[in-house]
Amino acid sequence: MAQIRIENVRKEFGAFTAVQSSSFTIEDGEFFMLLGPSGCGKTTTLRMMAGLELPTSGQIYIDGEEVGQKPASQRDIAFVFQMFALYPHMNVRGNISYPLKSQGMGASQIKAKVGEVAEILGITDILDRPVGGLSGGDRQRVALGRAIVRDPKAFFMDEPLGALDAEFREHMSEELRALHDRMEATTVYVTHDQLEAMQMGDKIVVMNHGVVEQFGVPQDIYDWPATKFVAQFIGSPPMNFLDFNGMIGAGHNEVRLNEVSIRVPDSIDGANGKLTLGVRPEHIRLDDGAPYRGRVLATEYLGTTQIVTLDTANGMVKARVPSSDKIRVGAATGLAFDERTITVFENDHGHALRSQANEGVLTHG
Amino acid sequence: MSFSVTEPTKGTKWFAGVLVVGYALITIAPLLWIIATGFKSGPDSIAYPPKVFFEPSMEGYVNLFTDRTRATQDMLEAAGEPKTWYDKIAREQGTIINGPSRYGERFLNSVIIGFGSTALCMILGTAAAYAFSRFRVPLKDDLLFFILSTRMMPPIAVAIPIFLMFRQLGLNDTHLGMILLYTAVNLSLSVWLLKGFIDEIPIEYEEAALIDGYTRFQAFYKVVLPQAATGIASTAIFCLIFAWNEYAFAVLLTSGTAQTAPPFIPTIIGVGGKDWPAVAAGATIFLLPVMVFTILLRKHLLRGITFGAVRK
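Protein chains in written order, with this note's numbering: chain A, 1 to 365; chain B, 1 to 312.
To be clear, the hints were calculated from the coordinates, so they are not data collected in a lab. Note that the coordinates shown come from a computational prediction; the quantities given were computed from them, not determined experimentally. Idealized CB from N, CA, C, for every residue including glycine. Treat each hint with caution, since some may be false.
[Said to hold, decoys possible] Here's a subset of chain A near chain B, in silico, CB distances under 7 Å, partners left out:
hint	residue
1	Gln69
2	Ala85
3	Pro99
4	Ala331
[As the list claims (entries may be wrong)] The calculated lysine-lysine pairs, modelled on DSBU-like cross-linking and capped at a C-alpha distance of 35 Å, are:
hint	chain 1	residue 1	chain 2	residue 2
5	A	Lys111	B	Lys140
6	A	Lys101	B	Lys299
7	B	Lys299	A	Lys203
8	B	Lys299	A	Lys70
9	A	Lys153	A	Lys113
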């Protein structure tokens, strides 16, 4: 198993830049998520790590060795494709043993190894079946079997659950995570599903337009987004943005929105001009006594909680409150923000302003 | 209960059956007639009204494979008793066999040139189609159009330049020349057909093989080729049929060593009157290789029809 380090990696396809100078490190044994909307460069980044694309510039280190320009066959890694890419002209056993054959391993050893892997994945009974008739889950397991059979330095997975039914995804994602914990293998996993990323990942890289927006553990990324993009991409409903013109001094801890003073974590840099106050829906309380006012537009019942949409002087806001609260549409109410959780963004670039609260976790790409 | 619009009734099934059988009969009739004529005697073959029932004779086949001279009664008697069954058939027609005819050689030429050009066409076509399908080839679209454009006029339109070229290069009446010529004509078809088939094969299969530790050539050879077998088989049949049946170039560019069967068969007509049974026998034998080849590859062709349905 191995550490993977990406340094200033860049990929251009003709005039189009798919990945812009990205750097991050994946520690040994980590379950690492590459998250972003389609076309953000996450798959290209993964394919460069795997050697299916060569970077235009930059270095990729696997286990301390620079492999950026090496072909995939020499990197000793495994890849699970979205459509599984099981060899259709071979049966399950043939598929799983194929990577071992390339190493020139003996037949009896291959048989033992395939048996062992099939045992782990619970597919011993389908080893001699053709891959054509397998269910989605079994195909997935065979693809995983082909990946783990030769103990590679790292596993790369490109939306491996994307082709499965919704109900089955849940189950497979648990299986995947359990498999990872058992093998303790460095795993890089590409997904556009933020829930999947938060649920399974030890660390997440969020990408957009070929740029690494943020990189860190799921909780930090959720609580302290480095950019407005991350704040909106992660969380459902996403973080609320209250745009305002104003200023916050270095070392100060309040902003003025619509003549109302709102406490925020101690600012380090300070800023002036077009700013945005970002607050997660669950960090808003509806409090008649609060000075910042809004009017209820709608409520959505979600079981234990409900989402209340409010109209304020600085735009629409969604609050997540217990469903036991009685909310009347059309009523005016006060909004109280949990001051410890607020992020202030400067509007031009969408970057979060550094504060005492988020200083440790901000890593702009 | 609902009925599909296309659900056939008993009547339409009958109608369709009759139509298909009728069409098959119309198509097969000339073929059957040729095969039958091959087994007729000379007079039977030109009898009027035509004979559907006749006494089978090997005359056509004997005449096809032998070179004979017409002999007078004295010469026939001087030659003594016929030694073999085909000697006997020749004597009955008043001829003496001098030796084997050239049909065997010509047939062998057809086999060498037909299968040779098909093989070459498949090797070059698969490689080119793979490259066009998978790599960023500069000017790809223009090159593909150029390749297609070589098929836009009938090849025979450039027969004279080719004849002159072949004469300069010493390729006239050689196997190599004919193989190259048929390959050149067929290559555009094979590149285009095979590119379609290879495009259908998801690139992930090869990438999986690359990741599994195989080189690109191994990935091509062990993963892409088995997947493309259907396409290669059907393309090979098209190429073989063209090369096998080609007549105009064969007449123009071959006369001796490399002459194929199609230009040879008509020359039989000239030897001692119109020998229709021999012509029919030659045509019948000539049909066999393509039939056998197609039947051998039939498994792949049928698989091709259902292939798309089961992939994903």
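Restraint check for Lys299 (chain B) with Lys70 (chain A), where alpha carbons must lie at most 35 Å apart: violated (41 Å)
Hinted pair Lys299 (chain B) and Lys203 (chain A), Cα distance within 35 Å: violated (51 Å)
35 Å Cα cutoff - pair Lys101 (chain A), Lys299 (chain B): holds (29 Å)
Proposed interface contact between Gln69 (chain A) and chain B, which counts if any beta carbon pair is under 7 Å: violated (15 Å)
Interface hint outcome for Ala85 (chain A) [beta carbon to chain B under 7 Å]: With a closest approach of 4 Å, the Ala85 (chain A) hint holds.
Restraint satisfaction for Pro99 (chain A) [CB to CB of chain B, less than 7 Å]: Result: holds, 4 Å to nearest chain B Cβ.
Given hint Ala331 (chain A) near chain B, where the shortest CB pair must fall under 7 Å: violated (52 Å)
Pair hint Lys111 (chain A) and Lys140 (chain B), alpha-carbon separation not exceeding 35 Å: violated (45 Å)
Straight-line alpha-carbon gap Lys153 (chain A) to Lys113 (chain A), limit 35 Å: holds (17 Å)
The earlier numbered hints that this structure contradicts are 1, 4, 5, 7, 8.
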